[in-house]
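Visitor: Using the hints, build the complex out of the two chains.
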Amino acid sequence: MTDTNIELNNTIYQRMKKIITLFVLSIAFGSTLLAQGKYFTRDGNISFFSETPVEDIEAHNKKATCVLDDETGTLEFAVLIKSFEFEKALMEEHFNENYMESNEYPKATFKGKILDYAGVRDSGFPPGVELKAQGTMMIHGVEKEITTTGYVTRDGENMQLKSSFVVKPEDYNIEIPNTVRDNIAKEIAVNVDAELKPLKK
Amino acid sequence: MRSLRSIFFIAVFAFSTPLLAQEGSLLDLLPEDDEPTEDFATAGFKTTRIINGQSFEMNAHGVLDFKISHRFGTVNSGAINAFGLDNALMRIGLDYGVTPWLNVGIGRSGGSVKYYDGFVKARILRQQTGKKNIPVHLLWVSDMAIDGNPVNNPELQPYLFSNRLYYTHQIIVGRKFSDGFSLQLMPSVVHRNFVPNKQTSNDVFVMGVGGRVKLTKRVALNAEYYYVLPNQLDPNVNYTNSLSIGFDIETGGHVFQLHFTNSRGMVENGFMTDTQGDWAAGDIRFGFNVSRVFTVYRPKD
Numbered sequence: 001m002t003d004t005n006i007e008l009n010n011t012i013y014q015r016m017k018k019i020i021t022l023f024v025l026s027i028a029f030g031s032t033l034l035a036q037g038k039y040f041t042r043d044g045n046i047s048f049f050s051e052t053p054v055e056d057i058e059a060h061n062k063k064a065t066c067v068l069d070d071e072t073g074t075l076e077f078a079v080l081i082k083s084f085e086f087e088k089a090l091m092e093e094h095f096n097e098n099y100m101e102s103n104e105y106p107k108a109t110f111k112g113k114i115l116d117y118a119g120v121r122d123s124g125f126p127p128g129v130e131l132k133a134q135g136t137m138m139i140h141g142v143e144k145e146i147t148t149t150g151y152v153t154r155d156g157e158n159m160q161l162k163s164s165f166v167v168k169p170e171d172y173n174i175e176i177p178n179t180v181r182d183n184i185a186k187e188i189a190v191n192v193d194a195e196l197k198p199l200k201k
Numbered sequence: 001m002r003s004l005r006s007i008f009f010i011a012v013f014a015f016s017t018p019l020l021a022q023e024g025s026l027l028d029l030l031p032e033d034d035e036p037t038e039d040f041a042t043a044g045f046k047t048t049r050i051i052n053g054q055s056f057e058m059n060a061h062g063v064l065d066f067k068i069s070h071r072f073g074t075v076n077s078g079a080i081n082a083f084g085l086d087n088a089l090m091r092i093g094l095d096y097g098v099t100p101w102l103n104v105g106i107g108r109s110g111g112s113v114k115y116y117d118g119f120v121k122a123r124i125l126r127q128q129t130g131k132k133n134i135p136v137h138l139l140w141v142s143d144m145a146i147d148g149n150p151v152n153n154p155e156l157q158p159y160l161f162s163n164r165l166y167y168t169h170q171i172i173v174g175r176k177f178s179d180g181f182s183l184q185l186m187p188s189v190v191h192r193n194f195v196p197n198k199q200t201s202n203d204v205f206v207m208g209v210g211g212r213v214k215l216t217k218r219v220a221l222n223a224e225y226y227y228v229l230p231n232q233l234d235p236n237v238n239y240t241n242s243l244s245i246g247f248d249i250e251t252g253g254h255v256f257q258l259h260f261t262n263s264r265g266m267v268e269n270g271f272m273t274d275t276q277g278d279w280a281a282g283d284i285r286f287g288f289n290v291s292r293v294f295t296v297y298r299p300k301d
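Residue numbers (my numbering), protein chains in the order written: chain A, 1 to 201; chain B, 1 to 301.
Excised from the complex, chain B in its bound form (with noise of 0.2 Å):
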């Protein structure tokens, strides 16, 4: 009899736990929400470009970015020049998010060398979790650049048009890791329509890698290396791989990205195949690019 008796108090103390239960959360009475979320990876780099190069990061539908780029002249050129700060390329570029996963951008460089550029950038897969679940950011970018110099040679009067242009197209896939580091690899190829001898190819291969480490919320460090794959480029000149390093600092409306780089182009036909700096002379750059983006137009939902 004792037994039964006790059964009962256990079965019945066992079923009113979950009535005492419910005091530690009400929200544990609701049924599992069926609709789950959608968890993109967002401010995996503080902008679209990591220094030179694309980031896989977009401007979100509607926003404007004004971007200004430096690229001073080398750190080895001496005192005289000011370390290479009385010597500076720059561009100046406008990017606009046309569609959450369309952003179209020009460009202008303009000082030693002179170039137009203008670039399409896709994002065809978004890192997220929930939902579904992408592991990686997946974008595709082309891009096309206009020699806007002035060519004096009268071996190859008359200039075409066409032997200014520049093509360059990317894969872009990337990752964030976590809060702290993203990383990502960005397979290329650059077409030129016109080279100076048979050695050189027209299609350029080329292997990138950036990735980002934040530092403080506000603060990212940045590394960027393009691998031109060998037999490529013109024999008779001394071509070196581009390798970037530098700060993002971000304030509010502003991102401020500070580095040294052994490149003076800052579209891609010009980083990734025409980089002629050695780091270990010491024939690197400072430069800076500054992005300020608007809104210039809002999305409904």
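The shape of chain A in the complex, shown without the other chains (with noise of 0.2 Å):
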């Protein structure tokens, strides 16, 4: 074996080496990464009331998951329709069985971004900015680009979530036969509040 010989074969164990360290790093730290500056929660209230002169309805789910990215803003909600809570048990079946048809669509999801967060979170969330959420929500099965409002304050490690906003029903295919159409609205009111905790792996 000639000097070149050891020399290349010592350059290529450091090469190896280095693959082998950057290797394990990259096994080792990629998921740790992948949950960084995330904030999350698996119970967040989201309810709606539906008035008319005929009959209100309310109903109420606090186990709504929301995964929120503090690095770019973009937010994740997903809400099992089934767990949406009614003051009369009759209501809350209609709901589920001629409504939503939650056994076809069991998730209603929001995909979207919180517009400008950068700016609102470098300045450290100041009370009462109305910030803009952008995105697809998926109700019944239907997806539609919406455009909301809603406050992000951040309280001690947590940060929370709040918005409200309208649905129509029509918007996304959900009949309402006439015989009880004076019975549910045709804008129904939807209020959102989560508080989310930082995401560890």
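Worth double-checking, as some hints may not be accurate.
Unchecked claim - Sample of chain B residues at the chain A side, in silico, Cβ under 10 Å:
| hint | residue |
| --- | --- |
| 1 | Leu26 |
| 2 | Leu27 |
| 3 | Thr42 |
| 4 | Ala43 |
| 5 | His61 |
| 6 | Gly62 |
| 7 | Pro150 |
| 8 | Ser178 |
| 9 | Thr251 |
| 10 | Val293 |
As the list claims (entries may be wrong) - In silico BS3-like cross-links for lysine-lysine, where the CA-CA straight-line distance does not exceed 27 Å:
| hint | chain 1 | residue 1 | chain 2 | residue 2 |
| --- | --- | --- | --- | --- |
| 11 | A | Lys144 | B | Lys217 |
| 12 | B | Lys131 | A | Lys197 |
| 13 | A | Lys200 | B | Lys131 |
| 14 | B | Lys132 | A | Lys62 |
| 15 | B | Lys217 | A | Lys88 |
| 16 | A | Lys107 | B | Lys114 |
| 17 | B | Lys132 | A | Lys107 |
No lab work stands behind these hints: they were computed from the structure. The C-beta atom is built at its ideal place from N, Cα and C for all residues, glycine as well.
Guide: This is how it looks when you write it as structure tokens:
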């Protein structure tokens, strides 16, 4: 074996070492990196109200899942339709069976982004600043682009998200027969209130 | 060298794909929920009766169900009787959800025959997936009826009150197979305290089967059949097995059930052991049940 050969072998050995180290590092930290700067909850509150002269209907869901990416302001919500609780059992049954068809469409989701999030984050979430979120709402299997407003506040380690918006059943192909047309509002008010914790892995 | 470098790039690329994938769904970052949901099979029938008999559905806790039922005269009684519409037997009943798993009810049937009845209905198993996997609903129903008709036969005097009592016990095992199809079996025993002769048994074993096919979101087709095991009923009377077919129509707070049946009675002992109508001879009746529910008590979570 010549000296050059030994030198070459050494170089290869050094590089291999580097590669293996990088390889191990990427495995070890890959998953941690994923979770960095993310906030989440599994028990967010989503409620809705339908007000008509005939009847008021309200329902609450305390099991909404939400993840917010603090780096980018990207935001996702998911909620099980069957976890909405009504004051009357029959309303809940009809909501699931006849209107939302929750066996077929078990979830409602929102995937979007809080606009100008970085600016508000960097100035420490000053209170009372209304933010806009834009994204895709999916209800009853129908996707629709929406823009809504809301508030983000930081509460110690946690983040608080609040938003109110209006959903029209007809936009999501939710059929309301003539017999109950007067009982269900054309515009349903939805309130979202979620407290997110840092996501650690 | 080249090959090592390309391995390096492939490795980096392979491990950076999860970073790209997070753009797909942030929610995928969350670990599996360690608390699985309980997903109950609900609304296998529109109401707590299929037609005459009990379905595997229950009134929710705190819900009062007001039921009015009519069974008209037989269709083959001719135009002079408006094909049976002139002659109705009716029942008024109240059912109540005492707890999420227990219903009780009372009723009064009036017209040509008079009965009081009361029942207790308990759910033992509820069909569900998720946390627990239970493929069927299992219920127990016990029913008592009091015959309120005058007894004028002098040979039977003094007529004991206990002679007027009927008891029915039922197991309901059923499954909502899909949104559109539910089926249940109802092995039952009817006990009559008083029977007319020795050939007639006090205890009558009956096997019931009932089901529904949902036609639209608000309309379903129901059918119900009770098979009386042989050699139990009075051989001097032409008894038949109860067969009923009808529609459930739901309109928000009400469920209307419109049907044809060869039974007159609306209480278990009546339609199970005292059906005499013959479908083939047009000896059937039009009938309806109207169910209206009221939430009288709101259970706290």
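Visitor: Determine for every hint whether it applies to the structure shown.
Guide: Verification of the hints:
{"no.": "1", "hint": "Leu26", "result": "4 Å, holds"}
{"no.": "2", "hint": "Leu27", "result": "5 Å, holds"}
{"no.": "3", "hint": "Thr42", "result": "6 Å, holds"}
{"no.": "4", "hint": "Ala43", "result": "5 Å, holds"}
{"no.": "5", "hint": "His61", "result": "8 Å, holds"}
{"no.": "6", "hint": "Gly62", "result": "8 Å, holds"}
{"no.": "7", "hint": "Pro150", "result": "41 Å, violated"}
{"no.": "8", "hint": "Ser178", "result": "9 Å, holds"}
{"no.": "9", "hint": "Thr251", "result": "5 Å, holds"}
{"no.": "10", "hint": "Val293", "result": "6 Å, holds"}
{"no.": "11", "hint": "A:Lys144 to B:Lys217", "result": "25 Å, holds"}
{"no.": "12", "hint": "B:Lys131 to A:Lys197", "result": "26 Å, holds"}
{"no.": "13", "hint": "A:Lys200 to B:Lys131", "result": "26 Å, holds"}
{"no.": "14", "hint": "B:Lys132 to A:Lys62", "result": "21 Å, holds"}
{"no.": "15", "hint": "B:Lys217 to A:Lys88", "result": "20 Å, holds"}
{"no.": "16", "hint": "A:Lys107 to B:Lys114", "result": "51 Å, violated"}
{"no.": "17", "hint": "B:Lys132 to A:Lys107", "result": "21 Å, holds"}
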